[in-house]
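S.K.: Sequence:
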Amino acid sequence: MKLRGRRSLISDINLSPILDLSLMLVIFLAVTTEFISGGEIKVQVPKGGAAVRASSEAVKVLIDKWGKIYYRGKEFKDPLELVKVLPKDRRIFIKADKETPYQFVFNLLDTLRKAGVKKVSLVGQRVD
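Each number in the working numbering corresponds to the 1-based position in the sequence shown with 76 added.
Among these hints, one or two may not hold up.
[Said to hold, decoys possible] When the alpha-carbon atoms are kept at most 16 angstroms apart in a straight line, the in silico EDC-like pairs for lysine to aspartate or glutamate are as follows:
| no. | residue 1 | residue 2 |
| --- | --- | --- |
| 1 | K150 | D140 |
| 2 | K171 | E151 |
| 3 | K136 | D165 |
| 4 | K136 | D96 |
| 5 | K164 | D186 |
| 6 | K160 | D140 |
| 7 | K190 | E151 |
| 8 | K144 | E157 |
| 9 | K141 | D173 |
| 10 | K144 | D173 |
| 11 | K153 | D165 |
| 12 | K174 | D154 |
| 13 | K144 | D96 |
| 14 | K144 | D154 |
| 15 | K190 | D140 |
| 16 | K190 | D173 |
| 17 | K141 | E175 |
| 18 | K141 | E157 |
| 19 | K144 | D165 |
| 20 | K141 | E151 |
| 21 | K195 | D173 |
| 22 | K194 | D154 |
Calculated from the structure, these hints are not laboratory results.
All of these numbers come straight from a predicted model, not from anything done at the bench.
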(Lines of atoms letter the chains of each structure in order from A and count residues from 1; the text may use other names and numbers.)
(Lines give C-alpha, C1' and ligand atoms only; values in the text may rest on other atoms or scores of the structure.)
Protein backbone atom coordinates (compact mmCIF):
# COMPACT_ATOMS: atom_id res chain seq x y z
CA MET A 1 0.00 0.00 0.00
CA LYS A 2 1.37 3.30 -1.09
CA LEU A 3 0.60 6.36 1.03
CA ARG A 4 0.03 9.60 -0.64
CA GLY A 5 2.45 12.40 -0.01
CA ARG A 6 1.75 15.29 2.23
CA ARG A 7 -0.76 17.77 1.08
CA SER A 8 0.46 21.28 0.73
CA LEU A 9 -1.07 23.84 3.07
CA ILE A 10 -3.49 26.29 1.60
CA SER A 11 -1.88 29.67 1.92
CA ASP A 12 -4.79 31.69 0.56
CA ILE A 13 -7.10 33.54 2.92
CA ASN A 14 -10.78 33.30 2.18
CA LEU A 15 -12.04 36.90 2.20
CA SER A 16 -15.72 36.28 1.60
CA PRO A 17 -16.73 35.98 5.28
CA ILE A 18 -14.81 39.15 6.12
CA LEU A 19 -16.40 41.03 3.23
CA ASP A 20 -19.86 39.76 4.19
CA LEU A 21 -19.37 40.91 7.77
CA SER A 22 -18.06 44.33 6.78
CA LEU A 23 -20.95 44.84 4.34
CA MET A 24 -23.45 43.93 7.05
CA LEU A 25 -21.80 46.41 9.44
CA VAL A 26 -21.99 49.19 6.86
CA ILE A 27 -25.68 48.49 6.23
CA PHE A 28 -26.39 48.37 9.97
CA LEU A 29 -24.64 51.70 10.57
CA ALA A 30 -26.43 53.34 7.64
CA VAL A 31 -29.84 52.21 8.88
CA THR A 32 -29.28 53.18 12.52
CA THR A 33 -27.86 56.56 11.55
CA GLU A 34 -30.98 57.26 9.50
CA PHE A 35 -33.20 56.46 12.47
CA ILE A 36 -31.17 58.60 14.84
CA SER A 37 -31.26 61.69 12.65
CA GLY A 38 -34.83 61.11 11.47
CA GLY A 39 -36.35 63.23 14.25
CA GLU A 40 -35.18 66.55 12.89
CA ILE A 41 -37.42 68.39 10.46
CA LYS A 42 -35.49 70.31 7.83
CA VAL A 43 -36.61 73.85 7.15
CA GLN A 44 -34.98 76.58 5.08
CA VAL A 45 -34.84 79.70 7.21
CA PRO A 46 -34.68 83.21 5.73
CA LYS A 47 -31.37 85.07 5.60
CA GLY A 48 -30.51 88.02 7.81
CA GLY A 49 -30.30 89.00 11.45
CA ALA A 50 -27.65 89.21 14.13
CA ALA A 51 -26.06 86.19 15.72
CA VAL A 52 -27.45 85.02 19.06
CA ARG A 53 -25.85 82.26 21.07
CA ALA A 54 -28.23 79.49 22.00
CA SER A 55 -27.71 77.96 25.41
CA SER A 56 -28.34 74.32 26.24
CA GLU A 57 -31.56 75.40 27.96
CA ALA A 58 -33.01 76.86 24.75
CA VAL A 59 -36.23 75.38 23.43
CA LYS A 60 -36.46 74.88 19.65
CA VAL A 61 -39.83 75.00 17.90
CA LEU A 62 -40.07 74.35 14.14
CA ILE A 63 -42.77 75.46 11.70
CA ASP A 64 -42.79 73.94 8.21
CA LYS A 65 -44.19 75.62 5.12
CA TRP A 66 -47.60 73.99 5.65
CA GLY A 67 -47.96 75.46 9.14
CA LYS A 68 -47.32 72.28 11.10
CA ILE A 69 -45.50 72.92 14.38
CA TYR A 70 -42.86 70.49 15.68
CA TYR A 71 -41.41 70.29 19.17
CA ARG A 72 -39.18 67.41 20.30
CA GLY A 73 -40.19 65.31 17.29
CA LYS A 74 -43.94 65.63 17.95
CA GLU A 75 -46.28 67.38 15.56
CA PHE A 76 -48.74 69.98 16.82
CA LYS A 77 -51.48 71.42 14.60
CA ASP A 78 -52.73 73.96 17.12
CA PRO A 79 -50.43 76.41 18.96
CA LEU A 80 -52.58 76.05 22.10
CA GLU A 81 -51.61 72.36 22.34
CA LEU A 82 -47.94 73.34 22.07
CA VAL A 83 -48.14 75.99 24.79
CA LYS A 84 -49.35 73.37 27.27
CA VAL A 85 -46.08 71.40 26.97
CA LEU A 86 -43.59 74.27 26.54
CA PRO A 87 -41.58 75.48 29.54
CA LYS A 88 -42.47 79.14 30.11
CA ASP A 89 -39.30 80.11 31.96
CA ARG A 90 -36.81 79.27 29.19
CA ARG A 91 -35.89 81.02 25.94
CA ILE A 92 -37.84 79.73 22.93
CA PHE A 93 -36.38 79.78 19.41
CA ILE A 94 -38.87 79.61 16.55
CA LYS A 95 -37.39 78.22 13.35
CA ALA A 96 -39.85 78.76 10.50
CA ASP A 97 -39.36 77.80 6.88
CA LYS A 98 -38.89 80.77 4.57
CA GLU A 99 -41.97 79.71 2.59
CA THR A 100 -44.18 79.59 5.70
CA PRO A 101 -47.05 82.07 5.48
CA TYR A 102 -46.68 84.89 8.00
CA GLN A 103 -50.06 84.02 9.52
CA PHE A 104 -48.75 80.75 11.01
CA VAL A 105 -45.75 82.43 12.64
CA PHE A 106 -47.90 85.31 13.90
CA ASN A 107 -50.46 82.91 15.42
CA LEU A 108 -47.71 81.06 17.30
CA LEU A 109 -46.12 84.28 18.55
CA ASP A 110 -49.48 85.64 19.68
CA THR A 111 -50.38 82.41 21.46
CA LEU A 112 -47.01 82.35 23.26
CA ARG A 113 -47.44 85.98 24.31
CA LYS A 114 -50.93 85.29 25.69
CA ALA A 115 -49.57 82.29 27.60
CA GLY A 116 -47.01 84.49 29.37
CA VAL A 117 -43.87 83.45 27.47
CA LYS A 118 -41.56 86.48 27.34
CA LYS A 119 -38.31 85.16 25.81
CA VAL A 120 -39.00 84.34 22.16
CA SER A 121 -36.57 84.62 19.23
CA LEU A 122 -36.92 83.94 15.52
CA VAL A 123 -34.13 81.93 13.90
CA GLY A 124 -32.65 83.02 10.57
CA GLN A 125 -29.60 82.23 8.50
CA ARG A 126 -26.75 84.60 9.29
CA VAL A 127 -25.42 86.69 6.42
CA ASP A 128 -21.74 87.63 6.52
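S.K.: Now, for every hint given, state plainly whether the structure supports it.
M.R.: How the hints compare with the structure:
With a C-alpha separation of about 13 angstroms, the suggested pairing of K150 with D140 holds against the 16 angstroms cut-off. Taken as a hint, the K171 and E151 pair is honoured in the structure, with Cα atoms around 14 angstroms apart against an allowance of 16 angstroms. The hinted pair formed by K136 and D165 meets the criterion: a straight-line CA distance of about 14 angstroms does not exceed 16 angstroms. For the suggested pair K136 and D96, the alpha carbons sit about 42 angstroms apart, so the restraint of at most 16 angstroms is broken.
Of the supplied pair hints, the one linking K164 and D186 holds, its CA atoms being roughly 14 angstroms apart against a limit of 16 angstroms. For the hint linking K160 to D140, the alpha-carbon distance of about 20 angstroms lies beyond 16 angstroms, and the restraint is violated. Distance restraint check for K190 and E151: the Cα-Cα separation of roughly 21 angstroms exceeds the 16 angstroms cut-off, and the hinted pair is therefore not satisfied. Between K144 and E157 the CA atoms are separated by roughly 12 angstroms; this keeps the pair inside 16 angstroms, and the hint holds.
Between K141 and D173, the direct Cα distance comes to roughly 6 angstroms. Compliance with the 16 angstroms bound is thereby established for this hinted pair. Between the alpha carbons of K144 and D173 the distance comes to roughly 11 angstroms, so the proposed pair stays at or under 16 angstroms and holds. Using a Cα cut-off of 16 angstroms, the hinted pair K153 and D165 is violated, with the two alpha carbons roughly 23 angstroms apart. Under the criterion of a C-alpha separation no larger than 16 angstroms, the hint pairing K174 with D154 is inconsistent with the structure, at around 20 angstroms.
Proposed proximity of K144 and D96 is contradicted: the alpha carbons are some 43 angstroms apart, above 16 angstroms. The suggested pairing of K144 with D154 holds, with an alpha-carbon distance near 8 angstroms, which does not exceed 16 angstroms. A threshold of 16 angstroms between alpha carbons decides the hint, and for K190 with D140 the separation of about 22 angstroms lies outside it, so the pair is violated. In summary, the hint linking K190 to D173 is not supported, as the alpha carbons are separated by about 23 angstroms, beyond the 16 angstroms threshold.
For the suggested pair K141 and E175, the alpha carbons sit about 5 angstroms apart, so the restraint of at most 16 angstroms is met. Restraint check for K141 and E157: not satisfied, since their Cα atoms lie roughly 19 angstroms apart, outside the 16 angstroms limit. Our distance criterion of 16 angstroms between C-alpha atoms is broken by K144 and D165, whose separation comes to about 24 angstroms. Between K141 and E151, the direct Cα distance comes to roughly 13 angstroms. Compliance with the 16 angstroms bound is thereby established for this hinted pair.
In summary, the hint linking K195 to D173 is not supported, as the alpha carbons are separated by about 20 angstroms, beyond the 16 angstroms threshold. For the given pair, K194 sits about 20 angstroms from D154 by alpha-carbon distance, which is inconsistent with the 16 angstroms threshold.
This entry does not satisfy hints 4, 6, 7, 11, 12, 13, 15, 16, 18, 19, 21, 22, going by the numbered hints stated previously.
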